[in-house]
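Student: If you want the building blocks of each chain, they are given just below.
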Amino acid sequence: MTYAIELRQVTKYYGTFTAVDRLQLEIPSGELFAFLGPNGAGKTTTIKMIAGLLLASSGSVHVCGHCMGRDGRAAKAQLAYVPDEPFLYDKLTGREFLQFVAQMYGLDRKAQKTHMDTWVDRLEMAPFLDQLCESYSHGMKQRTALAAALLHEPKVLVIDEPMVGLDPKTVRTVKDLMKEMTAAGQTVFMSTHTLEVAEAVADRIGIIHHGQLVAIGTLDELREQATRSSSLEDIFLTLTADERDTSAETIPT
Amino acid sequence: MPTTATNHPEPIPKTLDHLPQDGVKLLIQLRIRLLHNYIRQTLTQQPVKLLGTASSILLIWMGLYVLLVETLRLVRRPVLEGIVATPLIFTFFFLALTAMLAFSTAILSYGGLFRRAETAYLLASPLRPRDLVIVRYIESLLMASWSLVLLGLPLMMALARVFQETWSFYPLFLGLFLCFIPIPGAVGLLLAWLIAMICPKTPRRAMILVAALLAAGTTWWLWRIIGFQMTAAIWLGDLYDHLAIIQSAMLPHTWVSKGINLALQGQTASAAFYLFVTLANALFVSVIAVSIITRNYVKAFAQAQVSGTRSMPRSGRILAWIADLCFAYLPRQQRLLATKDLKNFFRDPLQWSQMAILFGLLALYVSNIQRLWTDLANPQLQVLIAFLNLTAVSLILATFTSRFVFPLVSLEGRQLWMLGLLPLPRSRMVWAKFSYALTITLMAALTVMGVSIYRLGIPTTLAAVHLVAIGAICVGLCGVSIGMGARMPLFSEHNPARIAGGFGGTISLLISVVLVVGSLIGVGLMSFQAAKADFAQELTLSMTLWLVTIVTANITIAAVAMRAGIRHFERVET
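Protein chains in written order, with my numbering: chain A, 302 to 554; chain B, 6 to 579.
Hints are computed from structural coordinates only; laboratory data are not their basis.
Treat the hints with caution; some may be incorrect.
Here are some of the chain A residues that sit facing chain B, going by a computed Cβ distance under 7 Å [unchecked claim]:
{"#": "1", "residue": "Ala-352"}
{"#": "2", "residue": "Leu-354"}
{"#": "3", "residue": "Leu-355"}
{"#": "4", "residue": "Arg-374"}
{"#": "5", "residue": "Lys-377"}
{"#": "6", "residue": "Tyr-382"}
{"#": "7", "residue": "Phe-388"}
{"#": "8", "residue": "Lys-392"}
{"#": "9", "residue": "Phe-401"}
{"#": "10", "residue": "Gln-404"}
{"#": "11", "residue": "Met-405"}
{"#": "12", "residue": "Gly-407"}
By construction, the Cβ of each residue, glycine as well, lies at the ideal position given by its N, Cα and C atoms.
Assemble the whole structure, with the sequences as input and the hints as a guide.
Tutor: Below you can see the structure in the form of structure tokens.
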């Protein structure tokens, strides 16, 4: 079976520090996977390895069957990556930026226009599309980055902290969008600190702590693992509690 | 039902064949579009800035052209020496250019290939790494060399004017100049890649170490070839033996200087030979460098991401102790601000290393004055050299304050919201920065001038005049830089070099230079009068008046600039 994202015993060292430790993860097509973890747990390192920006010290990363190390270009053609701080060119308008991205992914002129019109409407970008990106608010930048990522209909969307800085209406739009994508067979790999979002939309949740995957499954499966019938926040804090951290023990059930 | 992205009739192909095959063209088109938008925006919003920049370039061109014409005529006047010296001038010029371009390209390439957010964005896309490397290389070459190319144009015109050349000289000169640039550029590109691969945690320190080793090696070699004890004939012969190394036929700067010399002599075919040699080698080294880097680019990029993850030493105690000592005269709150600025300065190797190089070379020179000049017993020569030293220190100070002091206020932009909440008026923040800058510059300038005066042994009165003058110039320059920095802040920019290079920084530099030139004219006249008075120990009335004028002018200009800056800064919103 070809998974949308597959990490095979992936390890990443920074000198003597192990950022990611023998991570084994298989994410099938059509799944919305939420990747959670405390700060410094290895989430961003894992995401960057999936996006091809970092090389694993050992193990391999595969996207839609293509090995990121050996066949990076083919893997990246299937992928879209939206970091927590979206990158836009300050001196391009939103429209020019989307046109550039469309060309980068090989869309012809007709497809460029069609897809751009769709996403501009869907993400309500028309009022600011012809202004320079440097004048955009965070929410506008996030919407533009999202439109650019989805323009070429990627099979896999890797997105880091998608909801930060967005107003409630846009949060709802993004949530609905992610659900539609997975319903159509596309895969979403989302890293977030907003546990309510993960609880609301994720098909499966993975929790990483000190570079290791400490829990993975649906919300119900995680509840069983944590032996508590409680919220994702409680489960998360229990599973990621360190020895000297007593705060998780004091959270009421 | 709203349209979704998945309802399109024609699915987008995901094969490699449908991806753009010419990523270089795509990225260059992007760059052109960015430049076009930038120019259009500047024309609409800041037309004066564009006009000011163009006018400044034109003025510099004209000044440089006149200077070069006069220098070349001076060199040519003694015919025999002119024949010998002219090729040597080109050799040394292009040798220096080689080092400068290699180093500049290394810094720009490192930033462009491994540190910019755009690079990470593009690497996550299906663009070929090779295309990205090529475009970054071209960008680095353009950014490292554009100012040199601009300066090369007046050189070309001055040469044509002095040597009265034919039309073929122009394309040959331009061709040689432009074809030469990629050769050190490729070296710089490889250096950047090596630093990313070998020492990713300390890229800045590595580059500074390389530059320092190169500078030290060059200084040692130059010191060796300047033998003061030999007779002129032996010294000249020895000099030529040493210079033979840098005039080797295998070195690129030799091809360029020979090509230009041949073009000057009207030997078009021979000059064209050197042009094609330079072009072929430039293409060759560029292809080699790009190929090497492309093969290892993703790995080097991944390595470079660990840069900056070294933990800073917990104790800034040494710096805090130094700051307490230097700024003891300041009230506590302002002393804390000055300490913060001092820590920021010393924790950025790119900042303090430039200051160390500027003042270090100057200190090296003044401490060895007696070895450089043969007749320092002559009081007039002493005064002349002392004046030239003062000029050098003042102009370096003008550059230093424009580059490092002017951006100080702008760099507070990101944390202005926090500083604004402190129980400290904004005016005192500006004065804290002025005090910080003045303390550092006074310490450096008085030390260098003090050593210079001591080594020269000039009369006490004149020594005091020089020290007071340099003190006044420090006050003037710091006041102008901080005042203008507060009057024309650039809060959106976090790079000190870009802040200094902006419109406000340029205006500040121009005012600083005018201030320095005016002060130096006064000191020059005082020195002349001292020489006329046979270096009597007493200050004449005229000298006293000049000194008071210099001090008053500097303090007044500093006060006006600071007042304007503080008034603006107190009202500014971020």
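Student: Would you mind marking each hint as holding or not holding in the structure?
Tutor: Evaluated hints:
1. Ala-352: Because about 5 Å separates Ala-352(A) from the closest Cβ in chain B, which is inside the 7 Å limit, the hint holds.
2. Leu-354: holds, 6 Å
3. Leu-355: holds, 5 Å
4. Arg-374: Check passed: Cβ of Arg-374(A) comes within 5 Å of chain B, closer than 7 Å.
5. Lys-377: holds, 4 Å
6. Tyr-382: With Cβ-Cβ at 4 Å, under 7 Å, it holds.
7. Phe-388: holds, 4 Å
8. Lys-392: At about 4 Å, which falls below the 7 Å cut-off, the nearest Cβ of chain B leaves the hint on Lys-392(A) intact, so it holds.
9. Phe-401: holds, 6 Å
10. Gln-404: Holds. Min distance 6 Å.
11. Met-405: Interface hint status for Met-405(A): holds (5 Å vs cutoff 7 Å).
12. Gly-407: For Gly-407(A), the interface hint holds, since the closest Cβ of chain B sits about 4 Å away, which is under 7 Å.
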